[in-house]
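Participant: One letter stands for each residue in the lines below.
Protein chains: 2
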Amino acid sequence: MSDTSTVRPLRASAVTEWDERADVVVAGYGIAGVCAAIEAARAGAQVLILERTGGWGGAAAMAGGFIYLGGGTPLQRTLGFEDTPENMEKFLLAALGPGVDKAKIADYCRGSVEHYHWLVANGVPFREAFWGEPGWEPPHDEGLMYSGGENAAPFNQLAKPAPRGHVPRYADKRIGRKSGGYMLMKPLAETAEGLGVQVRYDTRIRRLVVDDTDRVVGAIVTRFGKEIAVRAERGIVLATGSFAYEQRMIEGYAPRLIGRPAAAIEEHDGIGIRLAQALGADLAHMDATEVAFFGDPQLLVRGILVNGRGQRYIPEDTYPGRIGQATLLQQDNQAYLVIDEQSYEEALTTVTATPFFRQPPTWAAETVAELEAEMGLPAQALQATVDTYNLHAQDGKDPLLGKKPEWVRPIGTPLAAFDMRGFTAGFTLGGLRTDLDSRVVHVSGAPIAGLFAAGRCTSGLCAGGYVSGASLGDGSFYGRRAGIAAAKS
Amino acid sequence: MSDTSTVRPLRASAVTEWDERADVVVAGYGIAGVCAAIEAARAGAQVLILERTGGWGGAAAMAGGFIYLGGGTPLQRTLGFEDTPENMEKFLLAALGPGVDKAKIADYCRGSVEHYHWLVANGVPFREAFWGEPGWEPPHDEGLMYSGGENAAPFNQLAKPAPRGHVPRYADKRIGRKSGGYMLMKPLAETAEGLGVQVRYDTRIRRLVVDDTDRVVGAIVTRFGKEIAVRAERGIVLATGSFAYEQRMIEGYAPRLIGRPAAAIEEHDGIGIRLAQALGADLAHMDATEVAFFGDPQLLVRGILVNGRGQRYIPEDTYPGRIGQATLLQQDNQAYLVIDEQSYEEALTTVTATPFFRQPPTWAAETVAELEAEMGLPAQALQATVDTYNLHAQDGKDPLLGKKPEWVRPIGTPLAAFDMRGFTAGFTLGGLRTDLDSRVVHVSGAPIAGLFAAGRCTSGLCAGGYVSGASLGDGSFYGRRAGIAAAKS
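Residue numbers (our numbering), protein chains in the order written: chain A, 1223 to 1711; chain B, 1223 to 1711.
Calculated directly from the structure, the hints in this document are not laboratory data.
Because the structure is a prediction, the values reported are computed rather than measured.
Some hints here could point you the wrong way.
[Claimed, not checked] Some chain A residues well away from chain B (every beta-carbon gap over 12 angstroms; in silico): (1) Phe1303; (2) Glu1415; (3) Val1421; (4) Tyr1475; (5) Asp1554; (6) Lys1619; (7) Pro1621; (8) Phe1645.
[Stated by the list, open to error] Restraint-style ranges between C-beta atoms, simulated for each label pair: (9) A/Asp1241 / B/Gly1276: 56 to 64 angstroms; (10) B/Ser1227 / A/Leu1380: 50 to 58 angstroms; (11) A/Gln1379 / B/Arg1445: 39 to 47 angstroms; (12) B/Lys1448 / A/Ala1484: 39 to 47 angstroms; (13) A/Leu1658 / B/Lys1448: 47 to 55 angstroms; (14) B/Thr1306 / A/Gln1469: 24 to 32 angstroms; (15) B/Thr1226 / A/Arg1243: 51 to 59 angstroms; (16) B/Lys1448 / A/Arg1332: 16 to 24 angstroms; (17) A/Pro1296 / B/Ser1224: 50 to 58 angstroms; (18) B/Gln1556 / A/Gln1420: 34 to 42 angstroms; (19) A/Gly1667 / B/Lys1382: 43 to 51 angstroms.
[Unchecked claim] Within a straight-line C-alpha distance of at most 25 angstroms, the following computed SDA-like cross-link-like pairs (lysine to any residue) qualify: (20) A/Lys1382 / B/His1614; (21) B/Lys1312 / A/Lys1619; (22) A/Lys1324 / B/Arg1478; (23) B/Lys1312 / A/Lys1326; (24) B/Lys1326 / A/Asp1659; (25) A/Lys1326 / B/Pro1477; (26) B/Lys1326 / A/Gln1605; (27) A/Lys1312 / B/Thr1635; (28) A/Lys1312 / B/Gln1469; (29) A/Lys1626 / B/Gln1556; (30) B/Lys1619 / A/Gln1556; (31) B/Lys1626 / A/Gln1556; (32) B/Lys1326 / A/Ala1638; (33) A/Lys1619 / B/Asp1554; (34) B/Lys1312 / A/Gln1605; (35) B/Lys1324 / A/Lys1326; (36) B/Lys1312 / A/Lys1448; (37) A/Lys1326 / B/Glu1473; (38) A/Lys1326 / B/Ser1666; (39) A/Lys1448 / B/Lys1619; (40) A/Lys1448 / B/Gly1667.
Backbone N, C-alpha and C define an ideal beta-carbon position, used for all residues, glycine too.
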């Protein structure tokens, strides 16, 4: 028995007997893990997946299912959208930086069409329908949607807008309506198991095992308290997810998320990151976070969003995740939505009404002066904002923030405001530094022999910004790379 | 010869001969290093400092010299300011968070008065004078000043304001006017050398040496290309400074600082952090940065500071470093100072005029409407801001941001604006996670045997916010702890 309470590596000489063996061992059966397993198996490796819970899926299976793909995918082309890898790259460099891994973004954009074909060939279906309404996700299983503010200011001036959020179709009538993420994971898990990939559920990785040259050659895992030594003949792939639920890491790296994790699962405890750190692995962008904003986009576009001082700060028609980041990170999580009665009624009658609408506004008033007083804002703070917005809105313009003309109209009366302070939650984007072959990079700059990683335990495409589909996107893309590289290792 | 191009640790068994030996080896002769050396020597250890440059001082000797001290220091009391450790702690928890190391802040506040006495006893002089004017630093060698926005909103409502920026006196006529940082380092370096501390200049740490139990027992260093093995019988203290000049780390952790390092020296290449990471050391707050703002506080308080949308965002009378952080991190580095002619003339005649004043305003105009047009802002954007400000200013109030009444007056005409976009620079605050004894903490949570660290290669008091004096403060305070712990190790 070794001490499984520490993340320190164990020397192989201390392992008296290996309980299990495989060429490639994958820790975590979410999106990165399943893609790694498929590619490793296809490359001729015997593959063993270790999954902490009782089933496949990870956070991916609970997600909306966006995969960020572009550069001219068949779905984009069929639906009439032009895109090129260079155009996609230009957008991502602007939206995900500063400090992005430029080589990774270029690589990802150039490989995106091939990756689309690979997903389709492995059973992931996309329905040929575009959803163009403001929203977080399509209401049904429309296959394509803007998911990063590509068609909103300032990005619509920097690169040709193209929707790149690809959502798997709800294909299987027998399982009823499931999330897009589930419909992504299901065919991939079936593919993996069809290729002979073995899985051990309820099995949790505890330590890495290294040989005398510091090469990773196995792992110590536990299943129902029993310790098991697993030999990895060629390599181990870490695909254990983010650190959104590890309090110490959240406090130390991404403290704005204290008390507000979301879109992650409790198993996301950063274990993969810590195991690799103990081997000297390098990290990147540990402060980066996705931030969800729980305002309804159909309301947002029709009103004006103001901060705790009553000032506008972001075009209301952009990607809601961008609104979330701006609100949490730059506005101290203070936001109010101001909307007039006419626009509110119009939003209520749209086909995309969500449960949010059933909440009444926090304040309603006959005049802006009355509203700002009820909200507790200083006199004239909100009035000045509305007056300036209206001055230009009567010409259909928003020179301050560039909201698109189709959503710009003067704010009339009576009007109301929604209190959206603290309306955010998020998950972490930072993690292990990996190269284009998903090898975990040591702080010396060299790869750590035998160790690979993908998904949210790594720093992927995002340095600070985010687009929906980036996580399932880089998780699947670099999961594949990890499987291929580990099998060859 | 070992490979000195890698930061990987070397096994002691690979060292054929030790060229130098000491009980405690200190890497870096800045503020943390000198304090570690003094305390280690006093605890009976033979101490050897390895310094990469040709002299003592590090970044500290070039700094303004603020040391953040409080809780009722003799200087505070003599100058009529009440303070307690609890009051100081309350302020720092609010100003430096979220995500601060609460134990470290409590410890630092409780030890602050003793630390003041220690500095004085070791030759650091403080002149009994308070400087109360807005500014970055006192114009001469006044010993005490507000250096963190303690007396500005919102902190003046959260804790009793007390100035805590302690600046060493320019005591030595022979050396002319030197920075406060130099006057801090000089007596401490003299104290260290008086205690028999040995120093090797032009000597650069390259690798750590560990024994078979992974305890740090020495270092491989180079001097003019020659490789030297240094044995540390009790421990090594890393005091090598920040990573402000390591491009890869800046891009990976603190990308907002790309192209704008300041208040650091080129030797700040993160070497101490990387050497310890290679041993599995844990990190914290790698994104945190001090941010300087190159606007003159005497102008700032008399005008209004607006962002790229013409909106106010911070009380202009707060600590300029807080303005810098808000501008770079929350306003995309976009700022303009708007000031009327009367206030500008008044600022010009103050005794604290700085070279900044010799730059004329970027734009001048007879009306706000004309000014905003010249600045390229949308019509009514700046007018709305000025009108709202003036409405309350005529009553001496600033309900939006809480600027103190003494600086609040309506903006008149004619008026002018200074273009302050990109007026920031900074240095990094993140680094190794250390405990209260300055032991470097492994990612497993246990200390790394034989390894200690202090100063800006560690994550100290600051999780995201900053106050001037925090770096020389925690560097000196935890430098002492490192020396004591290493000597006992």
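Participant: Is the distance from the Cβ of threonine 1226 of chain B to the Cβ of arginine 1243 of chain A consistent with 51 to 59 angstroms?
Facilitator: Violated, at about 39 angstroms.
Participant: Lysine 1312 of chain B and lysine 1326 of chain A: Cα distance at most 25 angstroms?
Facilitator: With a Cα-Cα distance of about 44 angstroms, the restraint between lysine 1312 of chain B and lysine 1326 of chain A is violated, given a limit of 25 angstroms.
Participant: Has the given pair, lysine 1326 of chain A with serine 1666 of chain B, been kept, meaning a C-alpha gap of at most 25 angstroms?
Facilitator: Judged against 25 angstroms, a Cα distance of about 30 angstroms means the pair is violated.
Participant: Do the Cβ positions of lysine 1448 of chain B and arginine 1332 of chain A conform to the proposed distance bound of 16 to 24 angstroms?
Facilitator: Roughly 47 angstroms apart at Cβ, these two residues miss the hinted range, so it is violated.
Participant: Checking a non-interface call: every C-beta of chain B should be farther than 12 angstroms from the C-beta of tyrosine 1475 of chain A. Is that right?
Facilitator: violated, 7 angstroms
Participant: Does 39 to 47 angstroms hold as the CB distance between lysine 1448 of chain B and alanine 1484 of chain A, or does it fail?
Facilitator: Hint violated: Cβ distance 56 angstroms, outside 39 to 47 angstroms.
Participant: State, for the Cβ atoms of threonine 1306 of chain B and glutamine 1469 of chain A, whether the hinted interval 24 to 32 angstroms holds or is violated.
Facilitator: holds, 30 angstroms
Participant: Does glutamine 1556 of chain B lie within 25 angstroms of lysine 1626 of chain A when you go C-alpha to C-alpha?
Facilitator: holds, 23 angstroms
Participant: Given the hint that lysine 1626 of chain B pairs with glutamine 1556 of chain A, test it: the Cα-Cα distance must not exceed 25 angstroms.
Facilitator: holds, 23 angstroms
Participant: A range of 56 to 64 angstroms was offered for this pair. Does it hold for the Cβ distance of aspartate 1241 of chain A and glycine 1276 of chain B?
Facilitator: About 58 angstroms separates the Cβ atoms of aspartate 1241 of chain A and glycine 1276 of chain B, which means 56 to 64 angstroms holds.
Participant: Would you check the hint for lysine 1324 of chain A and arginine 1478 of chain B, treating anything up to 25 angstroms between C-alpha atoms as holding?
Facilitator: holds, 16 angstroms
Participant: Given the hinted pair lysine 1619 of chain B and glutamine 1556 of chain A, is their Cα-Cα distance within 25 angstroms?
Facilitator: holds, 22 angstroms
In this structure, the hints that do not hold are numbers 4, 5, 6, 7, 10, 11, 12, 13, 15, 16, 18, 20, 21, 23, 24, 26, 27, 32, 34, 35, 36, 38, 39, in rising order.
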